[in-house]
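Each chain, letter by letter, is given below.
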Amino acid sequence: NAGVTQTPKFRILKIGQSMTLQCTQDMNHNYMYWYRQDPGMGLKLIYYSVGAGITDKGEVPNGYNVSRSTTEDFPLRLELAAPSQTSVYFCASSFDKGTYGYTFGSGTRLTVV
Amino acid sequence: KQEVTQIPAALSVPEGENLVLNCSFTDSAIYNLQWFRQDPGKGLTSLLLIQSSQREQTSGRLNASLDKSSGRSTLYIAASQPGDSATYLCAVRGNTGFQKLVFGTGTRLLVSP
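Protein sequence lines, in the order shown, are assigned to chains L and Z. Residue numbers are given in the working numbering: position 18 of the first sequence equals residue 18, and the series is strictly consecutive. Residue numbers are given in the working numbering: position 103 of the second sequence equals residue 103, and the series is strictly consecutive.
In isolation and in its complexed conformation, chain Z is listed as follows (with noise of 0.2 Å):
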């Protein structure tokens, strides 16, 4: 059975500094891994999808990596800004069955002006 882990669970930071937030995941057999936002209240948004044969993918400030024999995905957020606070959500979509999307319980990030 497929368990993702992020670490650490909560953050805070002061605006300006680089971090990197950590997702883990037992099963190496997956299609992708997906990094969504999630503000207060609010829906998911897609972040970053990496495909399973592919090492990292970048979205402006945003570089995800993906390093599937060893379950491991970062998401690096360079030169932060309050805006950037709200849970970040890793998941991973399996390759067998009907590919389910598996979540980990989220990083919540809060940047201080």
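Next up, chain L with everything else stripped away, as it sits in the complex (with noise of 0.2 Å):
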């Protein structure tokens, strides 16, 4: 029983470079989210997706994009790697049905140099 699965686990990134933080879940839910989380500070949502093909934007959307392709997967991309985007970052998963909690991956570790 996987739940949700992130990698990387750490990275270490230049200023402009890019990559993708991959989230695959195996529990048939519907919504997806990314949050990132900084020191001292609360975790903050990044962008969402309610199903395949639908994403939108959360509280911190900008230098980011997401896509959502199939259920299980929902990827966060990083454009231009900014020193501000050192963060660790955190995907979720849960039903939709609100009674439901959310179910959170172990997370990346990011640092920007």
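Errors might be hidden in some of the hints.
What the hints assert, rightly or not - Quick list of in silico lysine-lysine cross-link-like pairs, DSBU-like style, CA-CA up to 30 Å:
#1 Z/K1 / L/K44
#2 L/K44 / Z/K100
#3 L/K14 / L/K57
#4 Z/K68 / Z/K100
#5 Z/K1 / Z/K100
#6 L/K14 / L/K44
#7 L/K44 / Z/K68
#8 Z/K68 / L/K9
#9 Z/K68 / L/K14
#10 Z/K100 / L/K57
#11 Z/K1 / L/K57
#12 Z/K42 / Z/K100
#13 Z/K1 / Z/K68
#14 L/K57 / L/K9
#15 L/K44 / L/K9
#16 L/K57 / L/K44
#17 Z/K1 / L/K14
#18 Z/K42 / Z/K1
#19 Z/K100 / L/K9
#20 L/K57 / Z/K42
#21 L/K9 / Z/K42
Stated by the list, open to error - Beta-carbon label-pair distances, calculated as ranges:
#22 L/A52 / Z/S112: 44 to 52 Å
#23 L/N65 / Z/P14: 46 to 54 Å
#24 Z/A9 / L/T111: 23 to 31 Å
#25 Z/S70 / L/R77: 39 to 47 Å
#26 Z/A79 / L/T111: 33 to 41 Å
#27 Z/A9 / L/I15: 31 to 39 Å
Said to hold, decoys possible - Partner residues are not named here, just some residues of chain Z that face chain L (Cβ under 10 Å, in silico):
#28 V4
#29 A9
#30 S12
#31 Q38
#32 G41
#33 L44
#34 R93
#35 F103
#36 S112
#37 P113
In short, the hints are calculated from the structure, not lab data. Predicted, not measured: the structure shown is a model, and the values here were computed from it. Backbone N, C-alpha and C define an ideal beta-carbon position, used for all residues, glycine too.
Reassemble the complex: the two chains are provided individually, in unrelated frames, and hints are given to aid placement.
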């Protein structure tokens, strides 16, 4: 029972480089989310998806892009990495029924130098 | 806009004490409230999920209460142990729009032997 799997766990990027953070879930959840967590701050929503082919911006979407071609996968793309994107990134998923909770991945720690 | 506050930001107790962590939220239009545990450098582990129609949930030494009308929740930890040392996050799931999860900034707990 894998749940939500994120790769890689750690990554160091140089300013201006690009990368994709991978997220996959095996629970057939239709809702998926990307959050970032900065030290001393709560988790902030970057992007979310309510199903394959449907994505929308959260609170802090600038500098990121997402796609959702399948129910299972929800990759997060960083274009032209900046030091302000140094953070821990968490992917999560849930059923659309509001009575269900969220399941989180173990996170990706990204440093931009 | 939903805002979630957790008090205290940090708490240090000797082993064996019973303790209470507090969470307050500004908008009572919620589906549920979820308590998470986060160990340093790790992901989020769901501890308890309380539906808006419920008053409390229990799991082992943990008991979470919810008073939706006053916008408050508490997490009670009985007979604390050093292994309980972690950051505890409270999050509420709204019942409008896509029902996003909004997080507090957490309470960092240290239980000393």
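**Request:** Against the earlier hints, flag every one the structure doesn't satisfy and list their numbers going up.
**Result:** Numbers 8, 9, 17, 30, 36, 37, in rising order.
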